[in-house]
Amino acid sequence: MNEKKTQSRFEIQHVLNQPYKYGFETKIETEKFPVGITEQILDSISNQKKEPPFLRQFRFNSFKKWKELEFPKWTNLSIQPIDFNNITYYSIPKQKKKLNSLKEVDPEILKTFEQLGISLDEQKRLTNVAIDAVFDSVSIATTFQEKLAKSGVIFCSISEAIQCYPNLVKKFLGSVVSPSDNFFAALNSAVFTDGSFCYIPQNVDCPLELSTYFRINDKESGQFERTLIIAEKNSSLSYLEGCTAPQFSENQLHAAIVELIAFENARIQYSTVQNWYSGNEKGLGGIYNFVTKRGLCIGKNSKISWTQVETGSAITWKYPSCLLVGENSSGEFSSVALTNNYQQADTGTKMIHLGKKTKSKILSKGISCGFSQNCYRGLVKITSNAFYSRNFSQCDSFLLGSNSTACTYPYLEIRNSTALVEHEAKISKVSEEQLFYLLQRGISIEKSVSLLISGFCKDVFTKLPMEFAMEAEKLLSLKLQGTIG
Amino acid sequence: MENLLCIQNLTVSIDQKLILNQFDLEVNENEIHVIMGPNGSGKSTLSKLLAGHPSYRIEGGTIEFSKQNLIEMAPEIRSHEGLFLAFQYPIEISGVTNYDFLRIAYNEKQKYWGLKELDPIEFMQLTQIELQKLKMKMEFLNRNLNEGFSGGEKKRNEILQMLILQPKLIILDEIDSGLDVDALKIICETIAQERNAKSSLIIITHYPRILNYFQPTHVHVLIDGKIKKSGHLELVEKIEKDGYDSFSEEKRK
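Chains as they are written, first to last, in numbering that gives the first Met the number 0: chain A, 0 to 484; chain B, 0 to 252.
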């Protein structure tokens, strides 16, 4: 306690700066390709994974597209040029033989996941969550596969799906996010190495929460994962992804694609808790996170909800979107994005209304601290056939300290006069009087700030599945408190 | 009698403007002090300063609270040590339920004193008893902290917090403002009955009507950041009759 405390203004900045808990590196032997991206590298990836010809062709076509595309320049982000020929596109933990069960996974890797609080041991896991764990370029293990198979649900790594269900993959891969969609989509389509695959058959409500945990461990490699989720007629599932990476002073690249497809009456809830390493307090290091996520509501009355809690990464470039094709289909986007130090986030959504009576709802909460920049960018597009469509958007920003920035870019494109579109935006700061009130009641400054922030984010947290809502709240207060367990 | 609060020669400024000037006040256990004064005399400054608001600059003087240097204590420690300020304008906080807030506040104090923290179910029992004393409904607890509360509800909520935290020194900053007669009665009677026998009150007010419910042991008249006169109830009568001007050395225009 110092004397100044009572006399100077409350100092909240120190509350915000605390070490990254997941910054450790696992020392394991890896097997990786030389740096750079060439047709040979694509060939090697395809060979390594024994891929069918259609996929090899998919990679080559995408690579061609990528070379024609330009790095996106329309954002507010200031990004150091990335040397794409100085990245390792394939890095996997070295293993002597094929893995048949969890027992054969390198104990170091299991320990890594344990340390991250993700136990891959089915006995120890929350019994209602199945997990696919991705370590650098490869999926390590998927839990509860047998239990899921009983109800006809397929949940495995995308590499496994390519081998076992090539027709499904061939039919849907790239159908929502085409390789030519954008620079990073093309790059991912060319070099993606693993990710999760999930298929819910007709009339099945997935009995477990499905979850993928992504870990980047290697210093030079990028992670390019790909997730494909298909929900057939009258099915439903809830899915969560989590992400962490070690602390390096170099930036690492993460460029993912997630595609969701919902048929008639299907419901997909996709939640993300992203906590990649965000760089140090001077802005050195951290993950560059360029992600294309899109859901296709193709069937009548289908529904896709994106919920995200974004706390990590040096740069976040991410717009989980919904294409609302089916009549009366609906899309939801709920987001909490916290940036600190020199983090930059440019995130939001696109809601494209194509069918009649389609509905979308956007709820975005941005919190910026330190010198960070937090930007919401969202498009609501109502096409001429989308009669009687509705959208409601609410974008709230919260500034902590006086050096951070918050921006909101709502784009509205309305081509049908029967549509109803509403937009609300609000910006607030931690008020000294609120803090004083909480402190007077004996609540420490750390707890007070995190209470105010979690109050601000409450509407989004309530959208997360229960277990994850608590995890997200904990993560956010960890980010804010520095009480490291 | 144990000394609770001892303020000596305290000079305080904000933005280089003097607000309290060589201010003295001594409060012992089980006393009721009333501080009255015109607008801008420094009454609210005193209450916020004691609670640790960061806006004020202490130019000189000492404050002892329970024989400890209050100036060096962080605001939350002052609270744990038993200083409670019932705010004139309680703050609204959205997304945080009243119940969660109350429980966190209670548990933080328990933790500070190494006592048992209560889980949500245990805490409910404690809260229910206190709610009834104030004739408050259970639904109060599920609403966001002070959000959309009426003036009277906010003040009741302040006293609910007081009952739960069991403080030693209670500062009521214009608790009577914005209250109707019935609400004032419930609030004042609850405070008078329920406060810990060893605790003391500092009542900051404009209006003598609150004194129908309390028997002050001391009455102080605060003018221009300084206590001009201390005494008993007879001072209140004088204020009612002659106004504050009669205490002012340099009469206002």
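Wrong hints could be hidden among the right ones.
Said to hold, decoys possible - The list that follows gives simulated cross-link-like pairs (lysine-lysine, DSSO-like), each with its CA atoms no further than 27 angstroms apart:
no., chain 1, residue 1, chain 2, residue 2
1, A, 457, B, 167
2, B, 110, A, 473
3, A, 457, B, 153
4, A, 425, B, 110
5, A, 428, B, 153
6, B, 110, A, 457
Think of the hints as simulated: they come from the structure by calculation, not from any bench.
Hint-by-hint comparison with the structure:
A C-alpha spacing of about 35 angstroms is found between residue 457 (chain A) and residue 167 (chain B), which places the hinted pair above 27 angstroms, so the restraint is violated. About 20 angstroms separates the Cα atoms of residue 110 (chain B) and residue 473 (chain A), which keeps this hinted pair within 27 angstroms; it holds. Between residue 457 (chain A) and residue 153 (chain B), the direct Cα distance comes to roughly 22 angstroms. Compliance with the 27 angstroms bound is thereby established for this hinted pair. With a C-alpha separation of about 37 angstroms, the suggested pairing of residue 425 (chain A) with residue 110 (chain B) is violated against the 27 angstroms cut-off.
In summary, the hint linking residue 428 (chain A) to residue 153 (chain B) is supported, as the alpha carbons are separated by about 23 angstroms, within the 27 angstroms threshold. About 26 angstroms separates the Cα atoms of residue 110 (chain B) and residue 457 (chain A), which keeps this hinted pair within 27 angstroms; it holds.
This entry does not satisfy hints 1 and 4, going by the numbered hints stated previously.
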